[in-house]
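Residue numbers (my numbering), protein chains in the order written: chain A, 184 to 671; chain B, 17 to 411; chain C, 656 to 1024.
These aren't lab readings, by the way, just hints derived from the structure by calculation. Incorrect hints may appear among the rest.
[As the list claims (entries may be wrong)] Within a straight-line C-alpha distance of at most 20 Å, the following computed DMTMM-like cross-link-like pairs (lysine to aspartate or glutamate) qualify:
#, chain 1, residue 1, chain 2, residue 2
1, B, K304, C, E867
2, B, K289, C, D826
3, A, K655, C, D841
4, B, K238, C, E901
5, C, K904, B, E199
6, B, K260, C, E867
7, B, K365, C, E867
8, C, K904, B, E351
9, B, K304, C, E901
10, C, K904, B, E276
11, B, K287, C, D826
These numbers come from a predicted model, not from an experiment.
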Amino acid sequence: MSDMGDDRMISRDISENKETIKNSYHNSGDLIAYEFETISNIKMLICYIEGFIDRKILNDDILKPLVIGLKDKKDIKKLIFNTKVQEESSMERIINELNNGKVGLFIEGEKIAYLIELSSWVKRNIEKPGAESVVRGPKEGFIEDISVNKVLLRKIIRNSNLVYEDYILGTQTKTTISLAYIKGIVNEKVLEEVRKRISIINIDAIIESGNIEELIEDHPRALFSTISNAEKPDVVAAKILEGRVAILTDGTPHVLVVPKLFIEGLLTSEDYYLRPHYATFLRALRYISFFTAIYLPGIFVALQLYHQEMIPTTLLISAAGAREGVPLPAALEVFIMIMALELTKESGLRLPKSIGMTVSIVGALILGQAAVQAGIVSGLTVIIVSIAAIAEFTIPEFTHGIVISRIIILILGALAGIFGITIGFMIFTVHILTLESFGVPFGWPIAPMDWEGFKKDTFTRAPIWKMIYRPKALRGNNIKRQVPPRKM
Amino acid sequence: MAKKIIAIIIFLIFLTGCWDARELNQLGISLIMGFDIENDKILITAEIINPVYSLEEAKGNEIQSVEYVQGIGNTVQEAAKDITLKFDRSLFIAHNKVVIFGEEFAKRGLVKNIDQLLREREQRETSKILIAKGTKAYEVMGITSGVEQIPANYIYEIMKNIRRNPKNADVDFIEFLKNYYHEGQHPVAGVVEKKDKDEINKADNAGGKGYELSTLGMSVFKGDKLAGYLNGNDTKSVNFILNKISGGIITFPTPGGGPEDFSSIDVVQSKTKRDVEIVDDKVILKAKIKLRGSMGEVIGDIDISNIENIKKMEEACSKAIEEGITLAVKKIQDEFKIDVFGFGTVFHKKYPKKWEEIKDDWDEIFSQAEFQIEVDTKLIRTGLINTPLFLKKVK
Amino acid sequence: MKNLSQTETFTYNQVLLLMIVFRLILGLTYMPVVHVSVGNQDTWIILLLSIVYKIIFNLPLVYLSNKFNNYNLLEFADKIMGKFLGTLISIFYIIIFLLANILFVTIFVEILDVALFPLTPTWVNVVLAFFACAYISYKGMTGLCRLGEVVVPIIIGITFLLVILGVNNFDFSELLPILSDSTFKDINIGAINSTFRFMDILLLCMITPSLENKKDLNKIFINSIVFSTLMVAILIVATQATLGVEYTKHANFPFLVYTRTLSVGEIYGFDSLYIGIWIIGNLMKISAFLYYITVALEKLTKKNNRLFIIPVSVLLVILTITIKNREPLLPIAGELNNVIRLLSIISVVVVPTIMLIAYFFRRKKLQNI
């Protein structure tokens, strides 16, 4: 989008070009516009943004050959040692492309300029991703540079069918995003939908993939997100191979993948690298954690307040004993403990590493030991909230939904006992099951039930030699993953 | 606009509070209750646990483990409401495991008066019923002996021991009512009795707890009014016929041994089949018991590693059971003249048409009927040793 | 986002599970057949016989649904009877659904008030229940079907678990002598009575156009009847064997009392499981009826059905509270049964038979449609 008026053209006068460019950048200090003459007295102007390019390459491969050897204006391409050289006639494009690490080469007396790709800015090294860690599996994570990310993905899928479609979003930030998919495997309907939704984005800034997520998702007000994100190339590669579309964003290592199924939030990539039985056990554990994290505080409060007859007698007596002398009503107690837990989590994240340790120790001691001994909360409450917290930590992808749901269920349980919790459960489940992610039902394959997909990859992880077909809801036309091995 | 209405409704619900919520420290958890008649009114005694008991004991403070409250009224519900005037916690009876009825209360009629207990939601229908023999219920409560500090647990744990000794009765509300409703059967219930504790070391009187409880025996009801009590052996016989034996021992004189030699068999499994037959217009009651047991102890001059001797043991055991049960049935036929064994129900199921004619006279017919019993004992194991210890095997 | 239920089709499994839970929940709640019929220990025979009667009496509706399997009940009423009569029939069915809904909600709230929350005023329970049902209706039949797929297997599983846990206490001699206390005529009357307690076939007819495979209609019809009646028969056998025939008649909620007698070692709280599944089942049924009331209203007034959810809910809340505050419902099972029977006969047998006859007369004209 041009915001500077109509398309300007390159003038034949270099000084005019220099003025134009400097004015466009409002004489910004990092714009370098250098006029020079070649040995054969051809005047040239080279413009670039400092820090975006590798000055050594600029000097060696572009300036040197031009200055030493250029005799004829038409021979420029023969002298520049660069594979990405483009002829440009639009000043607008040159001004914009300087922001992308390109170098603009103007020649006195010509209406054509050259754009040369030399970008090499400082990037982070490839290191372990901060938000996901695994015991078994590759430990490389995406970084903020989109071209490096593309390479990381292509290193895993070395296939000419892996296609990257680039778009530029954000009127001010002009961020590059890229759709990645495997032609022939991808679900064409989903791809079409993604293209449609991206093309209508008209916002001024895309800084993180989260912004894109909010703009293209099906249910902006849902409790759980319907678009998954990943920081590791192997995770994204596996998802693309099932027929999904990945959206890489320049400037963030978090890659979006659509469509998302609910069960994906409860898996990790490790599930597929470990032995099936162990993976099944871990998965079952995660399913139980999901429900525990959300319902345990609510059920605890509901039983204590309304349904004391359902607690075994000895437990009831010790719980009643633990509550003697505690000033707060049961519901409020649990609520305060949950809030304190969230505070500790948040402060632990924000503090620098050195103080972080102290905070966790202090938090544990104060919130746990001392509070119980001072008689502010009862020991049983601390245990219950801790179990719920630990359960929540096993499912990092749904933390946002779990925390909010937990509080809602707690309020319902405190108000209406088991009746409230059952109502909460129903509303909650209906809410999740009626979400849709780019045309695919969120609750697939649990509901609507697809037995084939259900037995392979939901509660149990079938051994890899049994997974013959790609998931039905996601695949395009390429149905089979493998030719099943012959029976021994 | 619609959203605003919904929001207002939601806030209203939240603001008005929750009516049914009861904090744990507002409850008076009662584990056992006693029902009595006192001065022609109904008296309820509830035993409420002091919840900080275990904590305080851990700290070393002496504290009473339970509190007792009593309430009086014309009906059960009135008496229960009377308690709320005197006690600072609201009565919570959902954990009542045992309910004790005083003798007078039981004589007045049990089923009529316990309507409230089954109508309200808190009382568990699986609480056991005990009748306080010869005393009021509250005199039996509060006695604890043995390891348990809380009297209710003490009684309850004793009651659970029917598995090990079938000389008591394990009846809860559901079963009592089931038997009561059967035409041709009269219900039974358990018994609890206060006994003086025998001092083992008479010099050391420091314990101070002079009483212990015993649940030996069974109480017999005619309709829903208490009719009498049975002793331990008769209780075992009744349990046999009602097919409620799941453990215990049978003691019998060792065949071929002296007058002091007894052996016993541990019951592993026992099944009873009841039957009635009409022969020449006379009713014959039959029972057939199949018993499988393992050798409990052998005192006597008999070498049970020999198959014939095992057969002798089995026969002796069967004979002892047959005699015991026949005695018990005769006693009930003569003394109580009511059918607690449920033969009426069997008759009803076998000869439905005839039952319609005679059902009002069944108790009479039962008292006159002949009783036949057949017991088949099988000894399936003998424990860790075979031949009794005092017989030498090595010649 | 788009109204999912209008573009969505439902599979055989989903609808089957829904129909099973609708029928099952009535037996699970208060076992009307125990209170009203004469058969004492033969109640299970009455139930098994009622399978036949159910199939017979529901035939007119199923036949018509098969013929018009792209239209729901109200739409083909229009087609067969003409515009004016069709509108009348639609209004009639709206009233039937409303009454059925009120009945279920009142029974539901009664058990809540007795067994769980004695002190809470009725309106709180009713409002909370309608909260959940309104939300589920808002999401349409899709939400309900998917919820059913997840939840109904759990409900059936837990029911079986509750039955199995009590096996030790069963005393099958309670159920003898078979067929001695009640005559053949009594059993038949009991079976017919039992048939007219269900109006769920109406729901099946309303859901027909969204079925994925229209031929499944008959399979769903028969399978759901057989399966749910069998399950209720098992429940009754379990309850009577444990509690005794007489006490079952005294109890307002027999299965609840049965679950209170279950125990595993020291753990006694199994009636909480029962209460959980029973709440979910009842709320699903109420939501289904609520949803179809709004669909019927949409057909009449041509406005989007979601607009009607809140007004209808409010109306139902007010009506329920008025009725609940006047009379206790369950102990007067006799009168209640008469009301239900009347409604059922008219809506399931009489009106469809009229439509069937009209269909046969107009068959030539309707061939073209």
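- Query: Between K304(B) and E867(C), is the straight-line Cα distance small enough, at 20 Å or below?
  - Reply: violated (61 Å)
- Within 20 Å, alpha carbon to alpha carbon, are K904(C) and E199(B)? holds (16 Å)
- Query: Does the alpha-carbon distance linking K904(C) and E351(B) stay inside the 20 Å limit?
  - Reply: Violated, at roughly 34 Å.
- Query: Taking only the CA atoms, is the gap from K365(B) to E867(C) under or equal to 20 Å?
  - Reply: violated (52 Å)
- Task: Given the hint that K304(B) pairs with E901(C), test it: the Cα-Cα distance must not exceed 20 Å.
- Result: violated (28 Å)
- If you draw a straight line from the CA of K904(C) to the CA of E276(B), is it 20 Å or shorter? violated (55 Å)
- Query: Between K260(B) and E867(C), is the straight-line Cα distance small enough, at 20 Å or below?
  - Reply: violated (56 Å)
- Message: What's the verdict on K238(B) and E901(C), does the C-alpha distance respect the 20 Å limit or exceed it?
- Response: Satisfied, since the Cα-Cα distance of roughly 18 Å is no more than 20 Å.
- Message: Hinted pair, alpha-carbon criterion (20 Å max): K287(B), D826(C). Please report holds or violated.
- Response: Answer holds: K287(B) to D826(C) is near 14 Å, not above 20 Å.
- Query: Between K655(A) and D841(C), is the straight-line Cα distance small enough, at 20 Å or below?
  - Reply: Status violated; Cα separation ~54 Å.
- Query: Is K289(B) close enough to D826(C), meaning Cα to Cα at most 20 Å?
  - Reply: holds (13 Å)
In this structure, the hints that do not hold are numbers 1, 3, 6, 7, 8, 9, 10, in rising order.
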